[in-house]
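Asks: Listed below, chain by chain, are the residues.
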Amino acid sequence: MTAAVEIRGVSKSFGETKAVIDLDLDVPTGSLCGFLGPNGAGKSTTIRMLMSIIHADSGNVQVLGTSALKAKDRIGYLPEERGVYRKMKVGGFVEYIGKLKGVRRSILRKRIDDWLERVELPNIRNRRCEELSKGMQQKVQFLAAIIHEPELIILDEPFSGLDPVNARVIGRIIDELHQQGRTILFSTHVLPQAEQICDRIIMIDEGKKVLDGTVSSIQSQFDPRVIRIEPVDKNCDLSKIVGATLIENTNKSDHLLMRLDDQIDATEVLRKIVLATPVRGIEIVKPTLDEVFIEQVARRRGTKAADQVREEMSHV
Amino acid sequence: MSKTLIVAWREFRHTAMTKAFLIGAIIMPLLMMGLFIVVMPLMMEANTTPMTGTVAIIAPDDVIQEFQDRIHSKENPNAELIEQLPDIVKQDPLASSMLNQTGSNTTNIILQPANFADLEHLKEEVRDGDLAALIVVPNSLLEDQTEEMDDRLEVLIPSSFSPNHTDLLSSAVAKSVVDVRLRRLGHEPSAMLSMVRRPRVAATRLAHDGGEKADNEAARRIIPMAFMMLLWIATFTSGNYLLTTTIEEKGNKVMEVLLSAVSPLQLLGGKILGQAGVSLIMLLMYGGAAIAGLITFALLDLVPISHLLYLVAYFTMAYFMIASIMAAVGSAVTELRDAQSLIGPIMIILIIPLALWPVLSEHPNGIVATVSSFTPPLIPFVMILRITASTETIAAWQIIMSMVIGFSAVLGMIWGCARIFRIGVLMQGKPPSFMQLLRWIRLG
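Residue numbers (the numbering used here), protein chains in the order written: chain S, 2 to 317; chain W, 170 to 613.
No lab work stands behind these hints, which were simulated from the structure alone. Glycine included, every Cβ here is placed at the ideal spot set by N, Cα and C. Just to be clear, a hint being listed does not mean it is correct.
Subject to a maximum C-alpha distance of 20 angstroms in a straight line, what follows is the list of computed SDA-like cross-link-like pairs (lysine to any residue) [as the list claims (entries may be wrong)]:
| id | chain 1 | residue 1 | chain 2 | residue 2 |
| --- | --- | --- | --- | --- |
| 1 | W | Lys-188 | S | Arg-128 |
| 2 | W | Lys-344 | W | Asp-319 |
| 3 | W | Lys-599 | S | Thr-18 |
| 4 | S | Lys-88 | W | Phe-190 |
Every beta carbon over 10 angstroms from chain S, so not counted as near; a handful from chain W, in silico [unchecked claim]:
| id | residue |
| --- | --- |
| 5 | Phe-190 |
| 6 | Pro-219 |
| 7 | Gly-379 |
| 8 | Leu-442 |
| 9 | Ile-460 |
| 10 | Glu-561 |
| 11 | Ile-574 |
| 12 | Ser-602 |
Using the sequences provided together with the hints, build the complete structure.
Replies: Spelled out as structure tokens, the structure:
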């Protein structure tokens, strides 16, 4: 599969601050790729370089097989900091952005009406942007980002500030655009969200790539080899199970956790547990992206930094 | 259509085709002009009511008689003054209306001669409104005036008396006293007046090439200022729009959306071009109104066509200088109040031509005028003033040099502005200092 985005050895500094350091990454064509990392990780800087809003100090950025500048009209971009011309009418604003992206006015007229229906905002074409609620404005901005039917769509925190109903509408459209074969780069620091909708994940921290792969490959790569058991009898004795060690259950919940020994087949241990005691449920624990990311931070920056990131994520 | 033109059209449309622009920049000035030309004279006419009532006068008989004749005369008391005014003022409808109104001799009063012994009683009658006024002319005022005297001619009026009527009475009685003095010395006042009337002066400038040109004071003073103000109004109004729209785009976060579709240079170019259209409209509107006024009073020959061509050239220079400065400042800040600290020092420099107007106008070929007409960003404002104020043709090399330096400065300023703009539009938070702006130019 060819890459819609190819970044090779890109660095970008602002004065003394190094925002992106020797970054390499590929976004496969047709993928829905999560671009993840905490605040200040370098996501927005990287995206701005993809949009040729700013230029890399070094390295090479290729978008849709050409330079970022030449590909500008083939990219749709919803920035994190949303904005509309408050005094402009909705139709006029979307039409203006569409025209700047090279679409003819005659085509835009019909397309805008169709899309307003699809995002459940009918009959607002002639209303001024300032008259809309924040959520409605956000949908108008989303519309402006995709009205020119781009091949690559970059969405920076597309769900922030949306209520669940509107988030579902936007999520459905993102899914449709993905099904049509468009490449979507979805930037967020809400990792569970990305885990749900993305088929590929790129994670950066302090300007460097720390993870890159499909969701399942990342989960298997960071498999904690832990089995989660919900026994019928909470006082059952599983200490005699060979090949797994009971992890102290500190949160006093109804389930127990057992870590598999090295080289031990998980299915064999599962079978032994089921034979040893009746259970309501039993599963091999998959790592969440949050856990994977925190582990990565802990490896690179130490446990103190990881605790800080965990604290930040708990507030999201 | 290129992206720059799309941006330019939006900028123009959302500035010039709005109610705020139509009202603030077109309708209001036109209304103001209409107010001065049409409504004010009508209002003044309506306010000038004839003076009525009884005026008591304590004065020698010949003064009373002279005063009686004067207040009932149909001659405008200001006729002498009006005659001395330049033609351009007399031809102005507003000025002539005001002169005629203030001097109109519309009185319908009865004079009541009185004695000094009744002074206190008469004052009471004035207070009570039974008398319109009381005039007291001491005899001493009719004697030899070679030495300074303490005596004064008194006009006593009620507290609510009209100021126009007070002027009318005061002027008439004072002139009557002078006339009586002359008569007592055996002179006819009208003959004396004609003897002291100053002759009109026709100054003619003799050019080196042998030609002669009438010196028109009004043209030499008013028209250069009008040209410079025209440049100021047209360029600074649209420059201000450029500043506010750029700050607005940064403030409402639409800038990043725009930059995802156009380059900063395309955006800057479009904004400057769009506002150039706004500026041009203002120039045509105000300039057109001024020319219409000149045509009305048959004074169009005061403005040669070459001056209009220079106006267009220096307007272009001035607009791009101001626009590039305003766009750079607008891109660097996120709030209008932050812009004031950066615009302030620039405005102080640009206000120099206005402050130096009397000097530049009086000595358009002097050292101050010549040096400042080669100094960006003063060039367009000073040079248009020099060209229109100078009674001699400005040397061609000076005009060419001002154009070369001016348009080179325009290119340099646009280049520097573009570098500030590229960085500034993505900056948020604390506004930069001048040193930071210089650093942006270096880095951009």
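Asks: State for each hint whether it applies.
Replies: Evaluation of the provided hints:
no.	hint	result
1	Lys-188(W) - Arg-128(S)	holds (17 angstroms)
2	Lys-344(W) - Asp-319(W)	holds (19 angstroms)
3	Lys-599(W) - Thr-18(S)	holds (18 angstroms)
4	Lys-88(S) - Phe-190(W)	holds (14 angstroms)
5	Phe-190	holds (12 angstroms)
6	Pro-219	holds (55 angstroms)
7	Gly-379	holds (62 angstroms)
8	Leu-442	holds (15 angstroms)
9	Ile-460	holds (34 angstroms)
10	Glu-561	holds (52 angstroms)
11	Ile-574	holds (33 angstroms)
12	Ser-602	holds (15 angstroms)
The earlier numbered hints are all upheld by this structure, with none contradicted.
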